[in-house]
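Read off the chains here:
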Amino acid sequence: MASSPHIALQRNSVRGVMLKVLAALVPGIVVYAWVFGPGIWVSLLVCTAFAYFFETLALAMRNQPLKPFLSDGSVLVTAWLLALSLPTMLPWWIYAVGMLFAVLVAKHLYGGLGQNLFNPAMVGYAALIVSFPMYMNLWPAPVSVASHAPTLQEAIDLVFAGQGAISPDAYTTATPMDTLRAHVRAGGEAAEVVRASFQVIGKEALVVTYLLGGLLLLATRVITWHIPVAFLAGIVATAGVLYLLDPARHADPLFHLVTGSTMLGAFFILTDPVSASGTPRGKLIYAGLAGFITVLIRSYGNYPDGVAFSVLLMNMAVPFIDAYTQPRVFGQTRGGRRGS
Amino acid sequence: MISREARDIIVNGLWKQNPGLVQLLGLCPLLAISNSVVNSLSLGLATTLVMTVASVSVSLLRNFIPHEIRIPTFVLIIAAAVTVVDLLMNAYVHPLYLVLGVFIPLITTNCIVLARVETFASKRSTFSSVLDAVMMGLGLTLVLVVLGALREVGGKGTLFSGLDLALGPAARDWVVTVLPDYQGFLLAILPPGAFIGLGLLIALKNGIEAMRQARRVQPVPAL
Chain A
893 MASSPHIALQ RNSVRGVMLK VLAALVPGIV VYAWVFGPGI WVSLLVCTAF AYFFETLALA
953 MRNQPLKPFL SDGSVLVTAW LLALSLPTML PWWIYAVGML FAVLVAKHLY GGLGQNLFNP
1013 AMVGYAALIV SFPMYMNLWP APVSVASHAP TLQEAIDLVF AGQGAISPDA YTTATPMDTL
1073 RAHVRAGGEA AEVVRASFQV IGKEALVVTY LLGGLLLLAT RVITWHIPVA FLAGIVATAG
1133 VLYLLDPARH ADPLFHLVTG STMLGAFFIL TDPVSASGTP RGKLIYAGLA GFITVLIRSY
1193 GNYPDGVAFS VLLMNMAVPF IDAYTQPRVF GQTRGGRRGS
Chain B
19 MISREARDII VNGLWKQNPG LVQLLGLCPL LAISNSVVNS LSLGLATTLV MTVASVSVSL
79 LRNFIPHEIR IPTFVLIIAA AVTVVDLLMN AYVHPLYLVL GVFIPLITTN CIVLARVETF
139 ASKRSTFSSV LDAVMMGLGL TLVLVVLGAL REVGGKGTLF SGLDLALGPA ARDWVVTVLP
199 DYQGFLLAIL PPGAFIGLGL LIALKNGIEA MRQARRVQPV PAL
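From first to last, the protein sequence lines stand for chains A and B.
Positions 893 to 1232 (this note's numbering) are the ones given, in order, by the first sequence.
Positions 19 to 241 (this note's numbering) are the ones given, in order, by the second sequence.
Bound conformation, chain A alone (with noise of 0.2 Å):
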């Protein structure tokens, strides 16, 4: 349902628009396997995997055409999403559930593509991080400081056989915001852990191929800037204003903009068509706010990263600030009506 020019229908295909984002990820997943290690080839390609089985199952149980659906890589870039937001070299059935969540509940009991009022790499990752707590802590270290790093096949068998072959300790590691909150509880200072999470090696780079990607989405106009840097803004303003009142409780604004999932938020998961606002207006509000709940949420939560629930929330509120949001038209009144 297309408004009027039409010129720029064919390239903006629902087609189109996927395989550029898949694009625009590439080099931050090849990044994310250089820092982390091989295991996201794995879990890209079980999330992959399940994805397209729930998806054609869901198709097949609402008797809708396979090819089209199936071949558009909307449910591809749900799938890519989702994984690149858990930690890798989880038991495979945890990928499963989350997909199953993702495609499934999410999107089809919604309606299907372009009916999902919440985002559905989001919806997967909510429901794994209430359902299993623990695994969701198992977040592999960086190649540099594990003190063993998995190779391909093992990241294989701890997918596929279990977790029995080398100790969890080996090659995970606390995530910088959980280590940051462990050590605040315990009377530390922040600027501590916040220093010392900068010296990993390669944590940066991952964030500016993230950024990178985005960018190339601005450039092809998949994506306007409206979100990303509203989004940006608020998690630097909340920060910021947090980091100014207690500085030896909250980390500075850097640390929340290289830390978790804020860059892959900002360009890729946020601005998810159908389940971000549609005006400019709305997507300066949506972001904005989604910025402020995720800064909130790292700082006096629980979860590991805020990002998801932050976004979850905003989308609850979108048709909202849609309503609220529509932009003027010409010759016509702010409430919409005709102007006299």
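Keep in mind the hints are simulated off the structure, nothing from the lab.
Keep in mind that this is a model prediction, so the values were computed, not measured.
Backbone N, C-alpha and C fix where the C-beta goes; we use that ideal spot for every residue, glycine too.
One or more of the hints may lead you astray.
Stated by the list, open to error - Not the full set, but computed from the structure, chain A residues with beta-carbon under 7 Å of chain B:
1. V1022
2. S1023
3. A1041
Once you've looked at the hints, dock chain B against the given chain A.
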């Protein structure tokens, strides 16, 4: 033989107008307490008991209750019935009473009780009212138990855990482990599991109805 009216009441309570799946009344306890079979069953039976007592009383008194103040009167009658159930459970199944906690007194505010009293018992004969209250109560209990079983198996991999709270320590061994070595799926136990589970049950009921409808409509011969 049962009369046509009685049969209608039974079908309405258990299926057609099921309080949990169709009327969607009394959802607060339905969603809050349905995390195990034992909790569901006991709350469902307690609600059924309250509904029966309230419906009998209202239907007997229906000609004496002034129309203008009927709602406060109904609520008082229901509250009295709930108090009785509350005290009984406190006396005889105390551990279970502690688990169900505030949801026993809250039966007073459960809209299904007031709804049946207002729309049915205050207008119909005592016999019909009792039958309606029991059937509506059992209909709700049925949904509660199915939802409780779904959430318990999905969340903990067991069935009937906590039976010893109602029947004494001897029942502790009756817990059925459906899925051995189950890791646990917290979502099913937590409130979202109740919403998702109830949604799936409603979808299932509507699906069955649609299938029966389709079978009934199909054999129309084309002229």
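Here is what the structure says about each hint:
| no. | hint | verdict |
| --- | --- | --- |
| 1 | V1022 | holds (5 Å) |
| 2 | S1023 | holds (4 Å) |
| 3 | A1041 | violated (26 Å) |
Hint violations for this structure: number 3 only, all remaining hints satisfied.
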